[in-house]
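Enquirer: Sequences listed follow chains A and B, in order.
Counted from 1, the first sequence has number 261 at position 262 by numbering that gives the first Met the number 0; the numbering is strictly sequential.
Counted from 1, the second sequence has number 247 at position 248 by numbering that gives the first Met the number 0; the numbering is strictly sequential.
Note that these hints are calculated values from the structure, not bench results.
Any given hint could be a false lead.
Identical chains blur together in the list; that is why a pair holds if it fits in one copy or across any two.
What the hints assert, rightly or not - Result set (DSBU-like, lysine-lysine): computed pairs, CA atoms no more than 30 Å apart in a straight line:
1. Lys-216 - Lys-248
2. Lys-313 - Lys-56
3. Lys-324 - Lys-205
4. Lys-248 - Lys-334
5. Lys-46 - Lys-269
6. Lys-248 - Lys-205
7. Lys-56 - Lys-131
8. Lys-169 - Lys-324
9. Lys-334 - Lys-269
10. Lys-46 - Lys-334
11. Lys-205 - Lys-169
12. Lys-145 - Lys-56
13. Lys-56 - Lys-269
14. Lys-145 - Lys-351
15. Lys-334 - Lys-313
16. Lys-216 - Lys-269
17. Lys-56 - Lys-205
18. Lys-205 - Lys-351
19. Lys-145 - Lys-269
20. Lys-169 - Lys-131
21. Lys-334 - Lys-169
22. Lys-334 - Lys-324
23. Lys-334 - Lys-56
24. Lys-351 - Lys-216
2 protein chains.
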Amino acid sequence: MLPAFASIYFGFSLQNVRWGEIMHVSGAISLGLGLCVLSSTAFSTAKEPIEPIEPAKITDAAKVELGKQLYFDPRLSKSGFLSCNSCHNLSMGGTDNLPSSIGHQWTIGPINAPTVLNSSFNLAQFWDGRAKDLQEQAGGPIANPKEMAFSHELAVNVLETIPQYRASFKNVFGDQNITIDQVTDAIASFEETLVTPGSRFDQWLKGDETALTQQEKSGYQLFKDVGCTACHSGPAVGGMSYQKFGLIKPYITDNPATGRAAVTGNEYEKFFFKVPTLRNIELTYPYFHDGSVWDLGEAVDIMAELQLGRTLNKTENTQIVAFLKTLTGDQPDFKLPILPPSQPDTPRPDVK
Amino acid sequence: MLPAFASIYFGFSLQNVRWGEIMHVSGAISLGLGLCVLSSTAFSTAKEPIEPIEPAKITDAAKVELGKQLYFDPRLSKSGFLSCNSCHNLSMGGTDNLPSSIGHQWTIGPINAPTVLNSSFNLAQFWDGRAKDLQEQAGGPIANPKEMAFSHELAVNVLETIPQYRASFKNVFGDQNITIDQVTDAIASFEETLVTPGSRFDQWLKGDETALTQQEKSGYQLFKDVGCTACHSGPAVGGMSYQKFGLIKPYITDNPATGRAAVTGNEYEKFFFKVPTLRNIELTYPYFHDGSVWDLGEAVDIMAELQLGRTLNKTENTQIVAFLKTLTGDQPDFKLPILPPSQPDTPRPDVK
Numbered sequence: 000m001l002p003a004f005a006s007i008y009f010g011f012s013l014q015n016v017r018w019g020e021i022m023h024v025s026g027a028i029s030l031g032l033g034l035c036v037l038s039s040t041a042f043s044t045a046k047e048p049i050e051p052i053e054p055a056k057i058t059d060a061a062k063v064e065l066g067k068q069l070y071f072d073p074r075l076s077k078s079g080f081l082s083c084n085s086c087h088n089l090s091m092g093g094t095d096n097l098p099s100s101i102g103h104q105w106t107i108g109p110i111n112a113p114t115v116l117n118s119s120f121n122l123a124q125f126w127d128g129r130a131k132d133l134q135e136q137a138g139g140p141i142a143n144p145k146e147m148a149f150s151h152e153l154a155v156n157v158l159e160t161i162p163q164y165r166a167s168f169k170n171v172f173g174d175q176n177i178t179i180d181q182v183t184d185a186i187a188s189f190e191e192t193l194v195t196p197g198s199r200f201d202q203w204l205k206g207d208e209t210a211l212t213q214q215e216k217s218g219y220q221l222f223k224d225v226g227c228t229a230c231h232s233g234p235a236v237g238g239m240s241y242q243k244f245g246l247i248k249p250y251i252t253d254n255p256a257t258g259r260a261a262v263t264g265n266e267y268e269k270f271f272f273k274v275p276t277l278r279n280i281e282l283t284y285p286y287f288h289d290g291s292v293w294d295l296g297e298a299v300d301i302m303a304e305l306q307l308g309r310t311l312n313k314t315e316n317t318q319i320v321a322f323l324k325t326l327t328g329d330q331p332d333f334k335l336p337i338l339p340p341s342q343p344d345t346p347r348p349d350v351k
Numbered sequence: 000m001l002p003a004f005a006s007i008y009f010g011f012s013l014q015n016v017r018w019g020e021i022m023h024v025s026g027a028i029s030l031g032l033g034l035c036v037l038s039s040t041a042f043s044t045a046k047e048p049i050e051p052i053e054p055a056k057i058t059d060a061a062k063v064e065l066g067k068q069l070y071f072d073p074r075l076s077k078s079g080f081l082s083c084n085s086c087h088n089l090s091m092g093g094t095d096n097l098p099s100s101i102g103h104q105w106t107i108g109p110i111n112a113p114t115v116l117n118s119s120f121n122l123a124q125f126w127d128g129r130a131k132d133l134q135e136q137a138g139g140p141i142a143n144p145k146e147m148a149f150s151h152e153l154a155v156n157v158l159e160t161i162p163q164y165r166a167s168f169k170n171v172f173g174d175q176n177i178t179i180d181q182v183t184d185a186i187a188s189f190e191e192t193l194v195t196p197g198s199r200f201d202q203w204l205k206g207d208e209t210a211l212t213q214q215e216k217s218g219y220q221l222f223k224d225v226g227c228t229a230c231h232s233g234p235a236v237g238g239m240s241y242q243k244f245g246l247i248k249p250y251i252t253d254n255p256a257t258g259r260a261a262v263t264g265n266e267y268e269k270f271f272f273k274v275p276t277l278r279n280i281e282l283t284y285p286y287f288h289d290g291s292v293w294d295l296g297e298a299v300d301i302m303a304e305l306q307l308g309r310t311l312n313k314t315e316n317t318q319i320v321a322f323l324k325t326l327t328g329d330q331p332d333f334k335l336p337i338l339p340p341s342q343p344d345t346p347r348p349d350v351k
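Given the sequences, and given the hints that come with them, work out the whole structure.
Expert: Written as structure tokens, this is what we have:
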């Protein structure tokens, strides 16, 4: 029964795609969501494919506070100049709003920095999912020579010379010694709090009919009808599966990233990327893994054409863009963290 | 009568210095302060040469909020990556804790970034005082090709495409058009709020005898007795005059900055720099205009030797350092600003 339903749902756009490929990658999640979409079209009482975001439940406030300091601390980089917040800037939708990020010695990174907002909903981290969770991700840029260019050992060495950090780590982890696992654990705990509830769309989902305009509601209906929710669903409106970018028509780019294939070694996963969240999409330009598109309307047209084989008219595009802008939620709401000073024996930054 | 007093005060350290030079540069301020020091030694009821910092009085909250956003907005730079806060990081004592700052394309700047904290007390801005006030200073880095590498015109062009900024500027300045003078005025208004009252030293100044330890009080007395307050006085414990760095013995550095002479063209003002504030000095390492000294104790020894011809013993140095650390006040206490998104017609950042 499932394949029958699925083929009805996918039928309009997947003529040229091998069924096994879809089944392998999308798996039960997308298929299940496909069914949800079908249901919501058929029955008005059905559950929506997008779920509201709930505020973060903080169970260890001290760990979150420590993680927040570390997130803003450029001493986790070789130069002492770059922090997590440099490229995942919480003043700017958790991104740097650049096609790809600037790293140590102004090295231009290979791929667009995904937003950290709502990243705890992702099935894995990075565009290619090579980190299984936020903690594993947090260790990546610190030691990447094109990003923060440090090493885990050197970062820990710096922190260990700073009495206030030693006290915070001891308080949170009960340990005399600081480890990189503690560092990334604390950063991940902070990042888990970076969810954005309260969007107008979520207000509507929760029953406030006045939260959206008619144009925005039409946009959402169209978003479902044309099939966007097959991938962009769940609380983060994405992040739950890997999908091929250029499913119906190839995506032309000079960015060499092959996505999921580089992680699994599977040729058929070439150009499969983690579906990005659409939460706060109006803040997280430029779009796509190569950061090549700055205009949300243009991005919507490209996605419709390449992924769904569909050409949207101007009205449809405008409606979907209007809907997408209702996904902007409450942005990070906390005081700028104050960092404890280095000491005379703290290893010094090296900008070279 | 004044020269007689002054010669008593300066006598111990100025054997090799032309009196006219001192008179010219220090002028009434330092001389007056020298008298204060003498008085405070002679009479216990005398006024202290350091005054407490009072909390900022905010008269135009909307302008301050706008200035805060602009201060954190990297779109005032060519690359879209560097903001005022990149080098005057409010999480780190209003500095970058680097010998000299990193600018566009990782250009290493020529001089140590002074703290923005309490900078409204300075007689002028930059180490050489080439900007008369905070507003004039704010325009400097934006257009400096080694710093933010933008132009005033381009920065304004960016802001004008962002509806939320247009609305904020109109609200604050009542004008349809955004100008660079409005931009720097707003930034300066925000910076004027960046004062740090509440230090333990100020608590003591206001009558709380328990706010300082005996060691810290001894350090302050020594700070006055050896003559530091001749220049490091007033609410910011500095910032009120230009002084020659290397007064008694020359300061050896490979930094080519000539200080005040480069502004005035006066040869006798070579190596004259604005006396830096000592407020929050434990946070604003590394020290001096070349950022060459990381240890506060070492900086104190160098200053005593080069400026006062005095060799401090270990106990004296420890006491003065202990006193200086009581000058750390309340750090910036506000929520991380959230920036309004660019629009499709916003000029795009250029990292090249």
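Enquirer: For which of the previously enumerated hints does the structure constitute a violation, in increasing order of number?
Expert: 2, 4, 5, 6, 9, 10, 11, 12, 13, 15, 16, 18, 24
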